[in-house]
Amino acid sequence: GDHRDLHLSIRRQRQMCIRDRRMAVDPKVVNDFQKNGVAILRGVFSDFWIEELKVGLEFNMATPGPYTRNYTKEGQQGFFFGDYCNWQRIQQYKSFLFESPAAEIAADLMGSSKVNLFHEHVLVKEPGTKEKTPWHHDQPYYCVNGFDTCSLWIPLDSVSKDTCVQFISGSHRWGRWFTPTKFVGTQFEKKDEEFEEIPDFDSQLSNYEVLSWDLSPGDCIAFNFLTVHGAPGNSSKISRRRAFAARFTGDDVRYIRRKGEMSPPFPDLQLEEGQPIDCATFPQILKR
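Each residue of the sequence shown is one higher than the one before, starting from 1 at the first, in this note's numbering.
Hints may contain errors.
[Stated by the list, open to error] Under the rule of at most 20 Å between Cα atoms (straight-line distance), these lysine to any residue pairs were calculated in the SDA-like manner:
1) Lys-259 / Phe-195
2) Lys-161 / Asp-214
3) Lys-237 / Gly-146
4) Lys-130 / Asp-162
[As the list claims (entries may be wrong)] Simulated restraints on C-beta separations:
5) Asp-26 / Asn-145: 26 to 32 Å
6) Asn-145 / Glu-74: 35 to 41 Å
7) Ser-216 / Asp-278: 34 to 40 Å
The hints are simulated quantities; they were obtained by calculation from the structure and are not laboratory data. Where a beta carbon is used, it is the ideal one built from N, C-alpha and C, also for glycine.
With the hints as constraints, model all of the structure from the sequences given.
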């Protein structure tokens, strides 16, 4: 009986969470997202969803997928773990992506009548991890073109501003595309010649408005796939920096095969160039 009661209470919690999906995003936040390419949303995910993601992430780290990366060099302290494209096998990820407010938030921010799931990406910097995430933007890695894009970077731990991802405000509207770099800081073997080398942003940061925040679980940062960002190491001796990124696309997004290496590679896709990306790999979660 206890087990059944627990199951019912979980289901009830989930239904309550589904009901709280109806909250529209504040127009000022939508404006920030459109203008700056990045916006902060406070307290948009309940404890229930954060706990679900933590459970999913522990399972993910215990059973790494084919794309798992350890970005920490041999002999260095700490641990920088990354993995993606596991939502089909990790139930907590799947229920979050399909049942939490995430897709509704993305639709409001993009001003889009539909939302497709692109993929999820988890990034964990354990205490004492020195590795930075190099400056980059995501879309040159991806098999999609279009402006209606939205990543939600969702912290599962409290994150201080000095550990938070940093975003260059307005960079999504530069019309510039930078060559992807690996998170270990080296170039991909196969490049797309249409892209330009990424500048040394560290040496010229004072020229830009750089945005980052103190974050609590329940908050999230939303950003366009073209917004340039990077992240410091995790200098804390005690706090983990676990983050779940949910990546969504909207109305104008179409499939493109890049000339260089693509990440994630999605080797089994059957799409034609220029097609909308509606398919089992990128399911449509929301239609308005």
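- Message: Let me make sure I understand: some of the numbered hints might not hold for this structure. Which ones are they, in numerical order?
- Response: 3
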